[in-house]
Amino acid sequence: MHLAYPAVLAALLFCVGLYGVLARRNAILVLMSVELMLNAVNLNLVAFDVWLRDTLHSGQALTLFTIAIAAAEIGIGLAIVLAVHRNRGTSDIDRLRDTAETDEAEALPDTAETDDAETAPGRADGKTGKTKKAEATT
1 MHLAYPAVLA
11 ALLFCVGLYG
21 VLARRNAILV
31 LMSVELMLNA
41 VNLNLVAFDV
51 WLRDTLHSGQ
61 ALTLFTIAIA
71 AAEIGIGLAI
81 VLAVHRNRGT
91 SDIDRLRDTA
101 ETDEAEALPD
111 TAETDDAETA
121 PGRADGKTGK
131 TKKAEATT
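Residue numbers (my numbering): 1 to 138.
Because the hints were derived from the structure by calculation, they are not lab data. Just so it is clear, CB atoms sit at the ideal spot from N, CA and C, and this is done for glycine as well. Just so you know, not all the hints are guaranteed correct.
Now the in silico label distances, taken between C-beta atoms and shown as ranges [to be verified]: (1) 52 with 88: 17 to 27 angstroms; (2) 12 with 64: 19 to 29 angstroms; (3) 58 with 87: 37 to 47 angstroms.
Required output: the full structure, derived from the provided sequences and hints.
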């Protein structure tokens, strides 16, 4: 068997994966494209191992290592994508600047204290929690 056939197939697979990483906006499709790229590398490793007739079969050993790393990457990557999708409501890469909280949350006033203090049961005197705090400090 010629080495050119699996090498060309691996190059095509890698190019399709690279296009998917660069052009897609969905995080799951990007992960699938990375898997295509890793499979192209695996195909090259096995093809060159057979072509060189390596007695240690180091290409196949590296392929097994790459498959194990790819499985772990997919497991962790999908867990992260699902967590981000639950929190943000989208897995669109362009809409996700970072995983930290947005600036909008920092710019909004702290309404949790005022809402809880105003609606707290047992406050018959009509005072809010902030005025109670101010009275206690003076």
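Outcome of the hint check:
1. For residue 52 and residue 88, the hinted distance range of 17 to 27 angstroms is not satisfied, since their beta carbons lie about 48 angstroms from each other.
2. Separated by about 23 angstroms at the C-beta atoms, residue 12 and residue 64 satisfy the suggested range of 19 to 29 angstroms.
3. Checked against the given bound of 37 to 47 angstroms, the beta carbons of residue 58 and residue 87, roughly 43 angstroms apart, stay inside it.
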